[in-house]
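**Q** Going down the list, the sequences are from chains A and B.
With this note's numbering, the residue at position 272 of the first sequence is 290, and numbering never jumps.
With this note's numbering, the residue at position 133 of the second sequence is 151, and numbering never jumps.
If you're looking for bench data, these hints aren't it; they were derived computationally from the structure.
There could be a bad hint or two in this list.
Because identical chains share one entry, a pair is satisfied inside a single copy or across any pair of copies.
Said to hold, decoys possible - When the alpha-carbon atoms are kept at most 16 Å apart in a straight line, the in silico EDC-like pairs for lysine to aspartate or glutamate are as follows:
hint, residue 1, residue 2
1, K147, D238
2, K293, D58
3, K45, E23
4, K129, D170
5, K259, D283
6, K227, D58
7, K258, D277
8, K292, E175
9, K224, D283
10, K258, E300
11, K123, D99
12, K109, E86
13, K227, E300
14, K237, E226
15, K109, D24
16, K292, D248
17, K191, D230
18, K192, E137
19, K237, D283
20, K299, D230
21, K123, E256
22, K293, E137
23, K258, D282
Here the structure is a predicted model, which is why all the values come from computation and not from measurement.
2 protein chains.
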Amino acid sequence: MNNIEDLNITVVGLGLIGGSIAKAIRKNLKVRNLWAVDLDINALSESKKSGIIDNCYVDPKYPLQNSEIVIMCTYPDTTLDFIKNNMIHFKQNALITDTSGIKGKIVTEVKKVMRDDLEFIGGHPMSGKETFGYQFSDDAIFLGANYILTPDESNTEDSVSFLKEILLKIGFKKIVETTPQMHDEIIAYTSQLPHVIASLLMTNSKFEKSIDCIGGSFKDITRVADINCDLWCQLLYENKKNILSELSVLINDINNICDIINNDDLHSLESIFKKSSILRKEINYEKA
Amino acid sequence: MNNIEDLNITVVGLGLIGGSIAKAIRKNLKVRNLWAVDLDINALSESKKSGIIDNCYVDPKYPLQNSEIVIMCTYPDTTLDFIKNNMIHFKQNALITDTSGIKGKIVTEVKKVMRDDLEFIGGHPMSGKETFGYQFSDDAIFLGANYILTPDESNTEDSVSFLKEILLKIGFKKIVETTPQMHDEIIAYTSQLPHVIASLLMTNSKFEKSIDCIGGSFKDITRVADINCDLWCQLLYENKKNILSELSVLINDINNICDIINNDDLHSLESIFKKSSILRKEINYEKA
Numbered sequence: 019m020n021n022i023e024d025l026n027i028t029v030v031g032l033g034l035i036g037g038s039i040a041k042a043i044r045k046n047l048k049v050r051n052l053w054a055v056d057l058d059i060n061a062l063s064e065s066k067k068s069g070i071i072d073n074c075y076v077d078p079k080y081p082l083q084n085s086e087i088v089i090m091c092t093y094p095d096t097t098l099d100f101i102k103n104n105m106i107h108f109k110q111n112a113l114i115t116d117t118s119g120i121k122g123k124i125v126t127e128v129k130k131v132m133r134d135d136l137e138f139i140g141g142h143p144m145s146g147k148e149t150f151g152y153q154f155s156d157d158a159i160f161l162g163a164n165y166i167l168t169p170d171e172s173n174t175e176d177s178v179s180f181l182k183e184i185l186l187k188i189g190f191k192k193i194v195e196t197t198p199q200m201h202d203e204i205i206a207y208t209s210q211l212p213h214v215i216a217s218l219l220m221t222n223s224k225f226e227k228s229i230d231c232i233g234g235s236f237k238d239i240t241r242v243a244d245i246n247c248d249l250w251c252q253l254l255y256e257n258k259k260n261i262l263s264e265l266s267v268l269i270n271d272i273n274n275i276c277d278i279i280n281n282d283d284l285h286s287l288e289s290i291f292k293k294s295s296i297l298r299k300e301i302n303y304e305k306a
Numbered sequence: 019m020n021n022i023e024d025l026n027i028t029v030v031g032l033g034l035i036g037g038s039i040a041k042a043i044r045k046n047l048k049v050r051n052l053w054a055v056d057l058d059i060n061a062l063s064e065s066k067k068s069g070i071i072d073n074c075y076v077d078p079k080y081p082l083q084n085s086e087i088v089i090m091c092t093y094p095d096t097t098l099d100f101i102k103n104n105m106i107h108f109k110q111n112a113l114i115t116d117t118s119g120i121k122g123k124i125v126t127e128v129k130k131v132m133r134d135d136l137e138f139i140g141g142h143p144m145s146g147k148e149t150f151g152y153q154f155s156d157d158a159i160f161l162g163a164n165y166i167l168t169p170d171e172s173n174t175e176d177s178v179s180f181l182k183e184i185l186l187k188i189g190f191k192k193i194v195e196t197t198p199q200m201h202d203e204i205i206a207y208t209s210q211l212p213h214v215i216a217s218l219l220m221t222n223s224k225f226e227k228s229i230d231c232i233g234g235s236f237k238d239i240t241r242v243a244d245i246n247c248d249l250w251c252q253l254l255y256e257n258k259k260n261i262l263s264e265l266s267v268l269i270n271d272i273n274n275i276c277d278i279i280n281n282d283d284l285h286s287l288e289s290i291f292k293k294s295s296i297l298r299k300e301i302n303y304e305k306a
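The whole structure should be built from the sequences, with the hints applied where relevant.
**A** Structural data, given as structure tokens:
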């Protein structure tokens with residue numbers, strides 16, 4: 019792989035994640051050119067005006083033909099369509115990666131159409147915000163967050179190491195490697211389940227009469243309920259089997275704790291709370 | 019009621035809430051004396067040394083005999099026992115209030131034993147922290163938070179207004195009045211349900227293998243899973259009917275969204291997410 023400073027990097031999709039990645043690259047890396055492709059002229063021109071990107075394009079042909087690295091920051095469906103439709107444009111030996119919240123389908127479908135000289139490595143930043151759009155992008159959201167990569171036998175060790183190096187340099191704390199399938203299983207639990215629960219709590223018919231009686235726990239549990247509807251419909255649709263399985267585990271766990279509460283089984287209730295306290299502290303240590 | 023500066027106020031229980039209330043009183047009010055009662059000598063002496071309280075007591079007799087206002091900041095059971103056991107000590111015409119997370123049982127039981135010359139008004143600050151103990155107390159946790167009061171026909175308008183005035187002065191944003199029964203119903207949804215869900219997500223067997231793949235949504239939804247076990251066992255036990263009912267509503271809502279996802283019913287999924295986004299924004303406006 020080249021030196022970082024010889025690279026042209028193109029970010030496709032200049033929303034919350036794409037914008038944040040562009041800002042993080044500008045802040046932390048010296049590259050030859052940082053380009054962005056989007057259909058949103060406003061995001062492109064704002065980003066160029068403020069010096070985040072060197073140039074911007076609605077037509078991806080030129081930047082793809084000249085970029086060693088392409089980072090897809092679009093919704094899953096758009097990512098797939100874009101890669102398929104622009105397959106002939108990518109520069110020889112380019113490394114393409116994505117940031118979308120599902121990996122199984124993306125990786126499988128991309129590999130089907132991939133030219134032999136290109137490499138695709140699936141990726142997913144463990145970071146985000148309950149807002150969307152370039153105007154909310156912020157490189158600080160990556161600081162201390164982990165990043166999941168799903169390389170496979172088609173990827174060279176060099177490319178994986180090079181991508182990891184870039185991700186660590188732009189602020190991620192730890193790069194975790196897993197398979198696309200394991201990613202989708204885990205993410206159903208760590209990300210999709212919290213989003214679904216947040217939305218269900220918010221749409222509970224009791225909310226309106228309770229709004230004056232909410233404290234920190236309710237605010238936190240529902241933070242992500244101000245959800246990017248189109249994106250999350252896609253993510254759940256594409257990860258249907260796993261999210262349904264997680265929801266069914268949760269129903270079992272709720273039924274179990276209902277029995278415990280109903281039977282005044284304080285011993286079992288304590289053991290859940292004690293375990294949960296110990297495990298939750300691990301996240302804080304992890305974060306520190 | 020007296021002027022605030024003529025008051026002796028006693029805080030019983032110098033933990034997270036009692037300590038925070040004492041600090042908020044010291045910072046915002048000029049009172050004759052601010053006293054604390056606790057069995058924890060360390061919390062008492064730390065609080066006295068730093069000038070938060072004027073004096074501290076393990077034996078509550080003297081401060082109760084001389085306080086116009088007594089604020090109970092202990093667990094529900096302790097609150098009830100303490101008030102019952104010290105009924106003869108309270109100063110004539112004193113106003114007693116509490117801060118515990120259940121109101122139905124507390125208010126009913128306290129009223130049974132209350133002397134005619136005393137007043138009890140149930141209270142509950144919509145604020146807390148995922149930690150406990152005096153060392154974490156902080157008056158800033160009340161800023162912008164609401165406070166629920168559950169006065170009834172036994173309370174004078176004067177006492178209720180006076181207590182409200184004090185609460186607003188020490189940092190609460192809005193004082194909400196409701197019945198003890200309505201409080202317990204609402205709080206099962208806005209506070210107990212989030213705590214139970216947080217604990218169930220943390221004790222899911224998938225957690226250990228997922229710890230490197232968690233982002234903001236999981237961290238936020240589980241923040242309160244580092245739970246004060248003894249306190250929360252009491253709160254759930256005392257509010258059993260309401261929390262069981264909320265858990266059963268949640269199971270129905272989960273089953274419903276499972277059907278929606280299973281049937282690829284994107285229209286219904288969108289309508290849940292759109293509603294949840296709109297409603298969640300109300301909390302942010304409310305907070306601002």
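**Q** Now, for every hint given, state plainly whether the structure supports it.
**A** Now for the hints, and whether the structure bears them out:
Proximity of K147 and D238 under a CA criterion of 16 Å is satisfied in both settings, with 13 Å inside one chain copy and 12 Å between copies. Neither within a single protomer nor between protomers do K293 and D58 lie at most 16 Å apart by alpha-carbon distance, with minima of 48 Å and 26 Å respectively. For the identical chains of this complex, K45 and E23 are intra-copy neighbours only, at 13 Å inside a copy versus 55 Å across copies, given an alpha-carbon limit of 16 Å. In this homomeric assembly, K129 and D170 come within 16 Å of each other (Cα to Cα) only inside a single copy, at 10 Å, whereas the closest approach across copies is 69 Å.
Only between protomers do K259 and D283 lie at most 16 Å apart by alpha-carbon distance; the minimum there is 15 Å, versus 34 Å within a single protomer. Taking CA atoms no more than 16 Å apart as the test, K227 paired with D58 passes in neither setting, with 40 Å inside one copy and 39 Å between copies. Taking CA atoms no more than 16 Å apart as the test, K258 paired with D277 passes between copies only; the shortest distance there is 11 Å, against 29 Å inside one copy. With identical chains, the CA atoms of K292 and E175 are never at most 16 Å apart, being 43 Å at best within one copy and 43 Å at best between copies.
Taking the shortest Cα distances, K224 and D283 never come within 16 Å of each other, neither inside one copy (28 Å) nor across copies (25 Å). Proximity of K258 and E300 under a CA criterion of 16 Å is satisfied in neither setting, with 29 Å inside one chain copy and 30 Å between copies. In this assembly of identical chains, the alpha carbons of K123 and D99 lie at most 16 Å apart only when taken from the same copy (12 Å versus 60 Å across copies). When the C-alpha separation of K109 and E86 is checked against a cutoff of 16 Å, the pair qualifies only within one copy, where the shortest distance is 7 Å, while the shortest distance between copies is 80 Å.
Taking the shortest alpha-carbon separations for K227 and E300, only the inter-copy value of 12 Å comes in at or below 16 Å, while the best intra-copy value is 36 Å. When the C-alpha separation of K237 and E226 is checked against a cutoff of 16 Å, the pair qualifies only within one copy, where the shortest distance is 14 Å, while the shortest distance between copies is 26 Å. Taking the shortest alpha-carbon separations for K109 and D24, only the intra-copy value of 14 Å comes in at or below 16 Å, while the best inter-copy value is 80 Å. Taking identical chains as interchangeable, the C-alpha atoms of K292 and D248 lie at most 16 Å apart only when they sit on different chains, with a minimum of 10 Å there against 38 Å within one chain.
In this homomeric assembly, K191 and D230 come within 16 Å of each other (Cα to Cα) only across copies, at 10 Å, whereas the closest approach inside a single copy is 39 Å. Within a single copy, K192 and E137 get their C-alpha atoms no closer than 22 Å, and across copies no closer than 58 Å, so neither meets the 16 Å cut-off. When the C-alpha separation of K237 and D283 is checked against a cutoff of 16 Å, the pair qualifies neither within a copy, at 29 Å, nor between copies, at 28 Å. For a Cα distance limit of 16 Å, the shortest separation of K299 from D230 across copies, 14 Å, qualifies, whereas the shortest one inside one copy, 30 Å, does not.
In this homomeric assembly, K123 and E256 come within 16 Å of each other (Cα to Cα) only inside a single copy, at 7 Å, whereas the closest approach across copies is 48 Å. Proximity of K293 and E137 under a CA criterion of 16 Å is satisfied in neither setting, with 43 Å inside one chain copy and 41 Å between copies. Taking the closest pair of Cα atoms, K258 and D282 come within 16 Å of each other only across two copies (9 Å); inside a single copy the shortest separation is 36 Å, beyond that limit.
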